[in-house]
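Starting from two chains that each stand alone, build the complex the way the hints lay out.
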Amino acid sequence: MTALPGTRLSAGAYFAKYEQWLDQIARNHHARNPREPERQAFRPLRRPLAEARVALVSTAGVHLDDQQPFHVETVAGDPTFRLIPDDIDVTRLRFRHTHYDTTSAERDPNVVFPLDRLHEAVASGRVGSSSPIHIGLMGFNPDPVPIVEETAPAVADVLEDAQADVVALVPG
Amino acid sequence: MSTVSVCLRPEITLAMKAPRAAYVRFPLGNPLGEAGRPDQQSRILEDLFCLLEAAEEPTVIELPYRWRRWL
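Chains as they are written, first to last, in my numbering: chain A, 1 to 172; chain B, 173 to 243.
Just chain B, with the same shape it has in the complex (with noise of 0.2 Å):
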């Protein structure tokens, strides 16, 4: 199986060697942005699928986008 994660904490995923993960700057409880956003949560999923369809070795990439409402 291929595996793809999410990262939100980017030094403990690049020391465990995850295959492909992809951090966001949101808060934990957040990985796939803010509750009742559906469009984030699917862009953020689509990056994970793009990462999966790209990766030709072990990768970790950093997503681009930001907080805007911290809880």
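Chain A on its own, in the form it takes in the complex (with noise of 0.2 Å):
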């Protein structure tokens, strides 16, 4: 059996942080409080790693080089997603975002689209395959809602049509 790679944490250990984060959200940018999900939506593997199709879902404002960037300038952030074939050079990536550094980014898109590790796991056997379609977008949206009801389904529909098995989702 797999041993975990790190230590176990409790919410409880960090629930005075996040009413602090509550707190500065509804005072610095207008937000609606978030939603909570009411049951944890943990799925099984259905096959082996080495079987499994892989996709990437990333937060960091990541679009391709020919595509729209993300609206930053809105106070109600921008809920819209970008697709991002598999088999696209990681040079053509971009990335736009207000809300962390992207120096690092733009030197190295793989620290936070690691497309490029992704596939080396998959020459190495480590995981069956990449999915064709990966997924960018921009993670500050101060308005839950949007993101909940529209782009989480249209997001979770694609990658089902995709077959992917697995998500890995890397913030900015």
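Hints in this document: simulated from the structure, not taken from any laboratory.
Where is the CB? At the ideal position from N, CA and C, for every residue including glycine.
Each hint should be verified, as a subset may be incorrect.
Claimed, not checked - Dumping the calculated EDC-like pairs for lysine to aspartate or glutamate here, alpha-carbon to alpha-carbon at most 16 Å:
| hint | chain 1 | residue 1 | chain 2 | residue 2 |
| --- | --- | --- | --- | --- |
| 1 | B | Lys189 | A | Glu36 |
| 2 | B | Lys189 | B | Glu229 |
| 3 | B | Lys189 | A | Glu38 |
| 4 | B | Lys189 | B | Glu218 |
What the hints assert, rightly or not - From chain A, some residues computed to sit far from chain B (all C-beta separations above 12 Å):
| hint | residue |
| --- | --- |
| 5 | Ile25 |
| 6 | Arg27 |
| 7 | Leu64 |
| 8 | Asp66 |
| 9 | Gln67 |
| 10 | Gln68 |
| 11 | Val72 |
| 12 | Thr80 |
| 13 | Arg82 |
| 14 | Ile88 |
| 15 | Asp101 |
| 16 | Val145 |
| 17 | Thr151 |
| 18 | Ala154 |
Written out as structure tokens, the structure reads:
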């Protein structure tokens, strides 16, 4: 059995910090209350990882050089997403986000969108294959309703159609 | 689909009930480590794969790495 690669965390230890964050976004971003889910969507692996198809989803504001950048000037955020084909050169990736320093991502896109590292994992047999399509999102969205009700279901449909077994999410 | 994520803000990840997440004490913008360090990136990606295989219930963990160079 594979061992956990780190120390387990509990929600109780971080509750006060979460309350502080809620206060901060309410004051600074006119945010609505987050949509805390009622249940956890834990899905066991449906096949061994060495046979599984892996898709990347990034909230680092990642898009291709010929795609519309995310709108970062608006206080409402941008709930749209971009389709990132698996066979692109990562030098074509661009990063539009105002809530993290994009310097490292611009120097080395794999820091926030590890496409080359995923391909290496496929080549070594660690994972079965990479999805033909990956997803770019911009993670600063003070209003969670469009994300929950529109973006997430649409992204799930895209990745189900691509027959992804595993989704690896990477923030900015 | 099974999901796993890198986490930079554990208080939010835990409140949102992420099914599997690995918290790393790196600055925003560097979830998989430093630019030009494919070894770090591969290491953290491998940790995500291990978490996928090891977790039998919703699990958020902290990885043992520390940031050596601040931007």
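Hints, verified against the model:
This hinted pair checks out: Lys189(B) and Glu36(A) have alpha carbons roughly 8 Å apart, not beyond 16 Å. A distance of roughly 12 Å separates the Cα atoms of Lys189(B) and Glu229(B); the hinted pair therefore holds under the 16 Å criterion. For the proposed pair Lys189(B) and Glu38(A), the alpha carbon gap of about 9 Å is at most 16 Å, so the pair holds. Only pairs whose Cα atoms come within 16 Å are accepted, and Lys189(B) paired with Glu218(B) is rejected, the gap being roughly 22 Å.
For Ile25(A), the requirement that its beta carbon stay farther than 12 Å from each beta carbon of chain B is not met, with the minimum near 10 Å. With a minimum CB-CB distance of about 16 Å to chain B, Arg27(A) clears the 12 Å threshold, and the non-interface call stands. Leu64(A), annotated as away from the interface, keeps every beta carbon of chain B farther than 12 Å; the closest lies near 20 Å. Residue placement check: Asp66(A) keeps its beta carbon more than 12 Å from all beta carbons of chain B (closest about 24 Å).
Annotated as non-interface, Gln67(A) keeps its C-beta farther than 12 Å from every C-beta of chain B; the closest such distance is 21 Å. Gln68(A), annotated as away from the interface, keeps every beta carbon of chain B farther than 12 Å; the closest lies near 22 Å. Residue placement check: Val72(A) keeps its beta carbon more than 12 Å from all beta carbons of chain B (closest about 14 Å). With 12 Å as the threshold on Cβ separation, the claim that Thr80(A) sits away from chain B holds: the shortest Cβ distance comes to roughly 20 Å.
The Cβ of Arg82(A) sits about 18 Å from the closest Cβ of chain B, beyond the 12 Å cut-off, so the non-interface label holds. Under the 12 Å C-beta cut-off, the non-interface status given to Ile88(A) relative to chain B holds; the minimum distance is some 17 Å. The claim that Asp101(A) is not at the interface with chain B is violated, since a C-beta of that chain comes within 12 Å of its own (minimum 5 Å). The non-interface label for Val145(A) is consistent with chain B: the shortest C-beta to C-beta separation is roughly 15 Å, beyond 12 Å.
With a closest Cβ-Cβ approach of about 15 Å to chain B, Thr151(A) is found to remain outside the 12 Å limit, as its non-interface label requires. A cut-off of 12 Å between C-beta atoms confirms that Ala154(A) is not in contact with chain B; the least separation is 14 Å.
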